Amino acid sequence: SFKVDAIMKNDLKIHTAPGTPLVLGGSSFDYPLVLAAETQWNSDIHKSNVLAPDLSNKSGLGRSNMISKAYAIGFSDFPLNQVAGSPDVGPGSSNPGLKVSDFAQVPVALGGEAVTYHFGTGISGSTAALLKKYPLTLSGPTLGRIFAGKVTNWDAKEISRENPHLVSKGKDLLPNLGIQVMSRTAGSGTTFILRGYLNRVDHADYPTVDSSNFSAAGSNQFANSGLLEQAVQSTNGAIGYVEFGYAIANSSPTISLINKSGKIVSLSEAGIVQAATVGLKAIIANKGCKGFKTTVLACYEINNELGKTVYPIAGFSYGMIYKTQTNRTDAIAEVKFLDFLSHQGGRKSKATTFGQDLADANGYAPMPVSIQAVARAVLLGVKVSGHAVLNATD
Amino acid sequence: MTSAALEAPRTDDERRAAVQEAASRFYRRKTLYSKLFLGATSLGLLIAFIPLFSIIYNVVRNGISYITWKFLTTPPQSPSIFHKHQIGGISNAIEGTALVFGMALLMSVPISIMVAIALYESHGRVMGALRTLLEVMIGMPSILFGIFIYTYVVERMHFQLTGLAGSLALTVLMVPLMSVACEQALRGVPAVLTEAGLALGAKKAQVMRKIVLRYALPRMLTAIMLSASRGIGETAPVLLVIGSTYVANWNLMTSQTTLTTLMYNIIQSFYNYQRSEVWAIALLLIVVVFVLNLASRIIVARLNRGHR
Amino acid sequence: MTSAALEAPRTDDERRAAVQEAASRFYRRKTLYSKLFLGATSLGLLIAFIPLFSIIYNVVRNGISYITWKFLTTPPQSPSIFHKHQIGGISNAIEGTALVFGMALLMSVPISIMVAIALYESHGRVMGALRTLLEVMIGMPSILFGIFIYTYVVERMHFQLTGLAGSLALTVLMVPLMSVACEQALRGVPAVLTEAGLALGAKKAQVMRKIVLRYALPRMLTAIMLSASRGIGETAPVLLVIGSTYVANWNLMTSQTTLTTLMYNIIQSFYNYQRSEVWAIALLLIVVVFVLNLASRIIVARLNRGHR
Amino acid sequence: MESTTENSTMENSPRQSAATVGIDPSIVSMVDAIPSNAPVVPVMRLKDVAVSFNGKVAVRDVTFDVGKNRVTSMIGPSGSGKTTLLRALNRLHDLTKSAVVTGSITLDDVDIYKGGIPTTLLRTRVGMVFQRPNPFPTMSIYDNVASGLRFNGIKKKAFLDDAIEHSLRAAALWDSVESRLKVAAATLSGGEQQRLCIARALAVEPEILLMDEPTSSLDPVSTQHIEDLLTSLKEIVTIVIVTHNMQQAARVSDDCAFLLMGEDRAGELIEFATTEKIFTNPTDKRTLDYIQGRFG
Amino acid sequence: MESTTENSTMENSPRQSAATVGIDPSIVSMVDAIPSNAPVVPVMRLKDVAVSFNGKVAVRDVTFDVGKNRVTSMIGPSGSGKTTLLRALNRLHDLTKSAVVTGSITLDDVDIYKGGIPTTLLRTRVGMVFQRPNPFPTMSIYDNVASGLRFNGIKKKAFLDDAIEHSLRAAALWDSVESRLKVAAATLSGGEQQRLCIARALAVEPEILLMDEPTSSLDPVSTQHIEDLLTSLKEIVTIVIVTHNMQQAARVSDDCAFLLMGEDRAGELIEFATTEKIFTNPTDKRTLDYIQGRFG
Ligand SMILES: Nc1ncnc2c1ncn2[C@@H]1O[C@H](COP(=O)(O)OP(=O)(O)OP(=O)(O)O)[C@@H](O)[C@H]1O
Ligand SMILES: Nc1ncnc2c1ncn2[C@@H]1O[C@H](COP(=O)(O)OP(=O)(O)OP(=O)(O)O)[C@@H](O)[C@H]1O
Ligand SMILES: [Mg+2]
Ligand SMILES: [Mg+2]
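Chains as they are written, first to last, in the working numbering: chain A, 1 to 394; chain B, 395 to 702; chain C, 703 to 1010; chain D, 1011 to 1306; chain E, 1307 to 1602.
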């Protein structure tokens, strides 16, 4: 179990700005939050260009560029690993001399994944009106079958069955429209989270969704969430998946899901928080998760948790840096920013807006206090010439 | 006049001796300077070609082992943690490039030739302005064409992400390039030939078709080839509008993947071993461009044979 | 001979009458054909210019309201869902473009001129092969240069994502373009001028500097301007290697944002309302390219004045 | 051409009569060789013709008649507007936006600039041979000669074959090219190319053939060939020839127009008369001066 | 040039003696006008010179001496290798990879191809004027004339000023350009441009001046100017001139080399002699034929 510290005062100022702005990039799942936070950090707190704008591409690129030191901080929705298969570090990887434990992986965002779709001109006005009242609903297995390329049309039986309100005089109002699966290119963390969900629900009638994308559906692939969501909203019959914020920003219709408790839930901050709360309990009870032999709790999977209000597709995103650093100024900036990003402001005085305070404004749930404490614990392990960068008393 | 020249202060022989002595004295400095100049040029050549050779070398070294029949003819497979070397082939991108680029050529070549003819035939201010517009368009960031097609065709006209949208973006990109180059080819036709045609009672349109176009053909082919190889190498404008596909479907109304968009996507892949695939694609493109270049030279030489 | 001509079946007058009658009969078809031809060209012109005008029109219409002094001189601000119009300015991208592109020019112009001179001076097979290599490079997907710099400079040499890496990618991209075009400019210098120089006792290097370069200058400037506007408009090669920055920092060894990478990043922004900013950037680039085009024309006209 | 003995005589005595002094005997002798002529029938008449470019007059005050089946030469120094005037006769200036032709030029009493005759039909009646040989390089010898007919809608092979043989014979080229009609025109030598251009012009059976210094880029032997040709061509076509070379004018032409640049650098017609008169007894002192100042 | 009366005589009687028949009297009379000469001092000697391109011989068997302060002309039909030979004299073929010059050419007894004299120094001593006026278009009149001196390291203004005036005067151009030395050379007329090129060549005070058809692109008046000039230039420089124009050769040159293309299309020297001899009593029948076949 982890001790949950009350967050005390954090002197967010770093005393010398790094010589050059630090480059960050990777996950587009956490991109809106990181971008908002670093703007705050740069302009409100430091009034200088300590950090370069986040480069939103993919978790995979965040990891590899961080390892190659092209990025000072990499962001990824799935943690580094060195298991056989696709190791980032360790034997069999292109960085055999490194271990997962050489890195600090800090949870920085808690988000839910919206399943968005677009009927566009493919439906009549009355159907559109009905859809406003009764949001399109899918169960996990049906969603899985869609992404596996087993269900290819919007008027398929299983979809009609899960949307009883979309029937008028015995006639299915769902359009006879091909489903266009929009997915991300290999290395996407957003895909990693969705894949985790689809593998957790009962998927007896479709093969294990083990690929990074959904090739079985012959899908379209995009480099980041922004491009993907734009594609969804300009393609009739499209279905896609992005972090909640993208759906809000694009006013995209989202699909309500039937959760493990059999309840229909639409994406909400509360649903994500609930998922995290339930999921974390289970993880703490299990003392970590299988497959990742690390001390880091960065492998939290909180998909498809049990609970009436739980939204079933959710996940954390992580900021990653080298645990042992050489440049003290850079290290301080990195650690302090990640600390800023992963915490809420003081509860008594809301004078300072911290990263997690920006969460709801950008379509995320503030990370639970316990996770904030984990982040702090991880950051305490970052050292420059043997000395911790962050003091517990900071 | 000669007498005036003789009034000059020195005799011609003195003058000649002075110049020749100066020239002899300067000779060594001239030679040194020439050697320095040669040195500088060689250095420039070296600096320029080291990276270019290095690119070619690395493309070939990293890419050659991929180039198999299977690689060229099978669709890609996404690697996974469990099947990491399952990267499959690039048949989707080859098909996509052929389809999207072929369609773009079908649209841009005739349009460009028409525009070139119009520019060639007219001389007014309006045409001057249009030519300037074309030149400015050539200097535009190519991504603008992608953004334009994306915003006004894909989104506004609900056109979806399709190969055709990519063809449109490439067409808008290539038309200014091609038409300006084709006009130059037309302008290269000697005026005496067009006048000869007119003097035989031909109409302008006949002169254009039977003499000017025929004569300019080799240079126009070269111009088209160059613009085309620019078009085939573009990434940014198509990336936004074309979507992507796994399987070759030969349907312009669906999403497509081209070799360049595939390169962009692969380089962002987190599977390290998949990344080296880009070199194979680059190698393929180099070969294609080289063959195009060679083919156009051969055709041009054949067209020119005997009549230049 | 004349008698042989007279042995022909008809008299010359009959022959003349036959041709003139045929010509008169054909006259109407010729005129019709000419009109059709004119119609086809006009149509081509229309088809070509509708999208081009539409691009310009939309760029201006959507972009003009952004172009304020503040927009050009302040750094960007990231909008949030609740402060969606807080987009700030683009001073970072203007600075980044000036810096990255300026450095690329500083490297590529002298190198290209050296390469052009070397190509011009030599005639062997090796040089022919090098020229072909350059031409093939011109046809390469520009993203390849980005991938190359990314893989072998940024990653392998731990060079980080910097403006300088972007300059390198642009240089590798522009050198083939510029040197081939500059060589053509040099080849345009009449041989009689170089021979005149040599016949006066000049060394080749002197002829090059005092006669050839001076004469070719206008065309070289045009060539450089065209290659430069291609370079300034590139997205793909810099996107991979340049990183990004919030504020103008005038430091090539840090990440930079250029106008084109900013366009790419904005177009994939998840804030719809931020997207219209791309038109403002495009407008800015159009103006820059137009001014460059105009300036080079004025300079060329001035250089040519009196001596062509 | 300088006189036989004293080099300086002419310059010192410009007012002496042309008939008695200063004309090179070799030229006069050539003029003598011209056969006496049948009565002159005017086929093209120029009246007060002037051509200006961008409002600047290039040549003006040109009035003379071109006689049927005669050779009319135009001589004069460089820039005096010979080419400019010649090109006015088949409306080749129509191409040049800045060019304006005033005055009247009639062909068989129809004003060619007043719409009486469509330009393309005019040009089939008034052919042209240019200064440099300009065969269509993309066409064979046959196609070059056929081109004018094809431009005018004639496609029948029998007609073409016959016409091509006829005009190649008229241009004294048939014998050397008969066996290689399908060969590219560019393979011919310079002189042969010029004769090919003449054949091409003849193929559409023009009534008038305009020639602008047709031998100036040719070697002497080819020049000789073409001069010989002119005499035989005269029987089938009226010829107007521009030449720099006075001996050539004297040898080949029946009538001669002398142009000169005035003070304002615009060319004007100084004198038009039979070649004999121009070279033996010119009316205008400037003609005399020009002919005297000429040499080799 | 055709004979005074009968056109056909020459062709029918090629074997008649040159001294008595067939030479145009006007040419002979010109040759007569050439002043009798001082003893000939050879300055450049050609011995068995041949030039080939890509192994194909363009001109061969050339042996003659260029006499100091004389004008040596080279005549012959197109393609006989006149230009090729002339360019061998200042090693201008060095530029052409495929060109090989064999035999010996000596300047003041030093073989110019055997490394006795650096090429650039040779070229300051053996200047050249080309067929078409080719002033450097990017330079002013002054800079054009100064260019040769500057190429050879002379930068002193006083020296340049003096040399430029001197050579412009020698080229009979000083009076008309004195007031506009800083003006672009392209503003001059064709004839003035050619004189400018002569002045430019003269400025480096060459011992020999090579001229390749220097008047072929000029109008008659400019041609006259330049011919006049040659006579005065002879006093300061040895001249070798290529010309197509036999009258010109007769008028201006002291010695004359006649080249002709052989069976194998390679040019060869047929005859070298004083101009008087070549035009009145050539040794070789081919020279006679050529001179007879010539015309205006
Ligand atoms: N297209 C044109 N635009 C402007 N001016 C022109 C044009 N064509 C000819 N001129 C002018 O007309 C004048 C006469 O030129 P033209 O070529 O007719 O002379 P020419 O007698 O044929 O000379 P040459 O003997 O050199 O051929 C010249 O001063 C020239 O500048
Ligand atoms: N650079 C070259 N490469 C190959 N062949 C050449 C070259 N220069 C000249 N020749 C050949 O040499 C021969 C002689 O040409 P040259 O120009 O010397 O003749 P010319 O007597 O000057 O003729 P013209 O009177 O026409 O000027 C020609 O057959 C030509 O093909
Ligand atoms: Mg003329
Ligand atoms: Mg020659």
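For the record, the hints were derived by calculation from the structure and aren't laboratory data. None of these values were measured; they are calculated from a predicted model. Misleading hints may appear alongside valid ones.
[What the hints assert, rightly or not] Cross-link-like lysine-lysine pairs, in silico, PhoX-like; alpha carbons within 20 Å at most: (1) D:LYS1107 with B:LYS598; (2) E:LYS1463 with C:LYS912; (3) C:LYS772 with B:LYS598; (4) E:LYS1540 with C:LYS912; (5) B:LYS604 with D:LYS1295; (6) E:LYS1353 with C:LYS912; (7) D:LYS1107 with B:LYS604; (8) A:LYS47 with C:LYS772.
Now the hints, each set against the structure:
1. D:LYS1107 with B:LYS598: This hinted pair holds, its Cα atoms lying about 15 Å apart.
2. E:LYS1463 with C:LYS912: 18 Å, holds
3. C:LYS772 with B:LYS598: Not satisfied, since the Cα-Cα distance of roughly 54 Å exceeds 20 Å.
4. E:LYS1540 with C:LYS912: 31 Å, violated
5. B:LYS604 with D:LYS1295: 49 Å, violated
6. E:LYS1353 with C:LYS912: Violated, because 36 Å separates the two Cα atoms, which is more than 20 Å.
7. D:LYS1107 with B:LYS604: 23 Å, violated
8. A:LYS47 with C:LYS772: Answer holds: A:LYS47 to C:LYS772 is near 18 Å, not above 20 Å.
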